[in-house]
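Going line by line, the protein sequences match chains A and B. Residue numbering for the first sequence is 10 to 292, as defined by this note's numbering. Residue numbering for the second sequence is 10 to 292, as defined by this note's numbering.
The hints are simulated quantities; they were obtained by calculation from the structure and are not laboratory data. One should not assume that every hint holds.
Any copy, or any two copies together, can satisfy a pair, since identical chains are not distinguished.
[To be verified] Within a straight-line C-alpha distance of at most 35 Å, the following computed DSBU-like cross-link-like pairs (lysine-lysine) qualify: (1) K261 - K223; (2) K182 - K259; (3) K259 - K216; (4) K216 - K182.
For reference, the chains in residue letters:
Protein chains: 2
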Amino acid sequence: MHSAILLKAEVKALQAANEQKKRRERKRKRRIMQGGSLSVQEGEDILQSAKVDAQFSIIAILNPASQTPLSIGCLLFPGFQALDAFGPLDALNVLSYSTPLTLSLIGASLSPISTHPAAHPSAIGQTIVPTHTFSSAPPLDVLLIPGGYGTRGSLPGLEDAIVFIRARFPELKYMITVCTGARLAARAGVLEGRRATTNKRAWLDTKEMAPGVKWVAHARWVVDGKCWTSAGVSAGIDVVLAWVEEVYGKEKAGQVAGVMEYERHEDSRWDPFAVACGLPEDE
Amino acid sequence: MHSAILLKAEVKALQAANEQKKRRERKRKRRIMQGGSLSVQEGEDILQSAKVDAQFSIIAILNPASQTPLSIGCLLFPGFQALDAFGPLDALNVLSYSTPLTLSLIGASLSPISTHPAAHPSAIGQTIVPTHTFSSAPPLDVLLIPGGYGTRGSLPGLEDAIVFIRARFPELKYMITVCTGARLAARAGVLEGRRATTNKRAWLDTKEMAPGVKWVAHARWVVDGKCWTSAGVSAGIDVVLAWVEEVYGKEKAGQVAGVMEYERHEDSRWDPFAVACGLPEDE
């Protein structure tokens, strides 16, 4: 379940040491296929290697201190929707009480970034401090992309955010978008040909903007490969808890939701908001 | 419904003008009680005054532009829980698209304030920029108090936050606490003798800490006079939407929840988390 992620560093550390072993194994394999046999010592070496690998796996899973932290990044831009980011982020905050994670809040510069939407000049908002810029962000396993009014139009720096998504997508294990964050991912071209969803009030607009994406109208969230896209605003909490379940197991997802006193929507197709918006049935 | 709040400024503006009128009315009343009579002009003056007052009320209710913005404050302290604040705050952000509000994010100083919990040194967190200090905060109609690990122990500045709550409580129209934010309100003494609720994992502790409060175990939120207290973390979204319904009507609360794609819990007694924590039945 979570071995792929959690053992990443252990695998890397073992890779160099294993390289020589593999060469020896290939050599032995060739010898066996050619009708040869293994010495007792060679057989014991193989058993010992397998045991060491298994111990590494068990230690990594059972002992959080030995886990390599997952490197999570959250994209921030002027006019991002507060709950799009802070629903998932607080789920990750709670997860990090028991599971090693690192978090980078990534913006165009290190200046604080406001949720204030240009479309509503008299609206209230909050201002968040980023930890990294597009150029200083560390390697990422997970990129979280919130939506909001700021995803529309051509705000200064938004093109840089899109370039950042495009550049970092190949290294990601998971990309998670919330609400109209999917529009930024679509503009970066990384959702092309994939199934995805977005805010239901923006669905028709978004479909028109990015016709190469297989937009799903009725969905709380959609998973296609490493792309996890979700519906509007509070759907970000559900998609991240579903992701926690995928990576760390159902029990951990339940624990995080319990600490948040949040009743999860566990059915990714649950979507009364698509119905309320009169969106067409999916094919 | 919302006249008490929305007409506050109009009432104030009229008070000075009305003072002279009242003195005249009292004089007229005395005259009538003493068997005297009103002139035609005096009768017309009374009718005209009543009409002007009624027009002021109607204008204030129908035309948002004439509404005095509600002054909302949110208390911030190191180790506050991110979603405790940002669930309610994003509901208010959305409300502010159509309804005039002002927001003050109030901390011990203007330095950015981190959600990072001292209890979990390796946990991730986010950092928010306050707009006001305890001494520079404007007059408030509503004070929102999030919870989090930071409400426990004796962090520097926490005593000042408690003093701030105590000092500002009398002027408030509404105080809204989320999660263990109720502990700060209880420590400020403003919940004494009132019904209130809090995070269900902290309920027993909190009850012991503040035995003078009538703690309700099974509740998503509790209203007692102007005190709206809610359960853990995500319950803040429900209590604020319930408050929006109380102040601005059910339709507006539904609109805000719809924009957030959030399925409200509208029953304040809904609380599977109290059940999961094995809390005793309420008397």
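Comparing the hints with the structure gives:
no. : hint        : verdict
1   : K261 - K223 : both (31 Å within a copy, 33 Å between copies)
2   : K182 - K259 : within (19 Å within a copy, 43 Å between copies)
3   : K259 - K216 : both (33 Å within a copy, 32 Å between copies)
4   : K216 - K182 : within (25 Å within a copy, 45 Å between copies)
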